[in-house]
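Visitor: Here are the chains, one letter per residue:
Protein chains: 2
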Amino acid sequence: MKRQHGVILALDETDPEKVRSVASAVAPYVDAIKINWPLILSAGPAAITDLSALRPVICDFKLADIPNTNRLITEQAIRRGASGIIVHGFPGTDSVRAVVEAAKGAEVFVVTEMSHPGGQEFTAPVADRIAHMAVDAKASGVIAPATRPGRIKEIRGIVGSLLILSPGVGAQGGSAADAIRAGADYVIVGRSIYGAPHPAEAAKDVSDVAQSAMKK
Amino acid sequence: MKRQHGVILALDETDPEKVRSVASAVAPYVDAIKINWPLILSAGPAAITDLSALRPVICDFKLADIPNTNRLITEQAIRRGASGIIVHGFPGTDSVRAVVEAAKGAEVFVVTEMSHPGGQEFTAPVADRIAHMAVDAKASGVIAPATRPGRIKEIRGIVGSLLILSPGVGAQGGSAADAIRAGADYVIVGRSIYGAPHPAEAAKDVSDVAQSAMKK
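Residue numbers (my numbering), protein chains in the order written: chain Z, 1 to 216; chain G, 1 to 216.
Just chain Z, with the same shape it has in the complex (with noise of 0.2 angstroms):
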């Protein structure tokens, strides 16, 4: 991903119709469109390959499975036109390796910690240590939660240059200003833009705020 906008949208309409319209109006604002297993669920996976021509697409699958099974859906969602994929750092190293080896070189996001309460009791704790997992099995970022703007700029100390995506945006609290002077490279934003009135001018307006963000 090229660093224009700095803003992801993530694509959380499960109606065809829907996403398509939205998809359409924001495209000009946004870097990447973010989608997830419930849209795959309604409209099919061709949805991978019809988003992809408008914008890249990273699923956010969260893959969290043992090595084998993480290669067999990267490799999928690469070819049907995937140029991201999302996944936990949770199930190990070997887990993760197995996701960056199948990208040939599409990008590979870590999840360190989630924003959710449940995020506290067993990914929070560990959250450090997936970072540094992320730098060592060579993914190209993780995702840190823009909620907790004091995480992401402890995340960026451990990893370095990589990418980090922060969710949270909008809808869930989190401010892009607030998150993008913490370090992160791009915010991703959902109902603030796809539920808007106006989702075009929705996501121009936080392009913009990202964009001053960056400037200062």
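Among the clues, some could well be false.
[To be verified] Far from chain Z, by Cβ distances over 12 angstroms, these chain G residues were calculated:
(1) K18
(2) A53
(3) R97
(4) G157
(5) S192
(6) A200
(7) E201
[Said to hold, decoys possible] Just so you have them, the derived chain Z footprint on chain G, three or more residues with Cβ under 8 angstroms:
(8) 62-76
(9) 82-94
(10) 116-124
(11) 174-186
In short, the hints are calculated from the structure, not lab data. The beta carbon of each residue, even a glycine, is placed where N, CA and C say it ideally should be.
Since the structure of chain Z is provided, determine the placement of chain G on it from the hints.
Guide: Here is chain G on its own, set in the frame of chain Z:
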């Protein structure tokens, strides 16, 4: 799932033709068919519906997302015909509870620990806590590795009357008889059934072993 054969087919093929032929041949000898994301990405989500016409389908989706996304995935899997779904415990209790609630009576199985080498890094140290969580969250059962019958026994001590499903039998080195004697209710068998020259015979053989181990 009624306890009848004690064998679940892990249908890890991705060629739709092969999937159909193996599933039809093996259906009379297994209690359920377990499928994973690679099949969804190759054959589309209709595979859930098609296979559920033959046997109950367990979606081994290893869900590991925030509660709302876990819920959306579960709802769609059930709507497509799934009888059960597999979820990770490490994203926290709220993520597991969201699946149990969305499943509306369909069976929910929580992964305790994973049997591959990387599973020792983060999952094994918290496996017992996750087994307790499965009980608290009112899951139907847990996944515990057939390759480590000692662990099945310990996890049985935690989960009481919950179901234990044990993968790793056959090609991965686990023994169906050992796993069932240690306390597993069902063994999950993949390659040594679907990769056999006569999958139906191979399934019948494992089923006989499981049955006879149960009687002891």
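Visitor: Next, verify each hint and record whether it holds.
Guide: Each hint tested on the structure:
{"no.": "1", "hint": "K18", "in the structure": "holds, 14 angstroms"}
{"no.": "2", "hint": "A53", "in the structure": "holds, 18 angstroms"}
{"no.": "3", "hint": "R97", "in the structure": "violated, 9 angstroms"}
{"no.": "4", "hint": "G157", "in the structure": "holds, 21 angstroms"}
{"no.": "5", "hint": "S192", "in the structure": "holds, 15 angstroms"}
{"no.": "6", "hint": "A200", "in the structure": "holds, 25 angstroms"}
{"no.": "7", "hint": "E201", "in the structure": "holds, 25 angstroms"}
{"no.": "8", "hint": "62-76", "in the structure": "holds (count 9)"}
{"no.": "9", "hint": "82-94", "in the structure": "holds (count 7)"}
{"no.": "10", "hint": "116-124", "in the structure": "holds (count 8)"}
{"no.": "11", "hint": "174-186", "in the structure": "violated (count 0)"}
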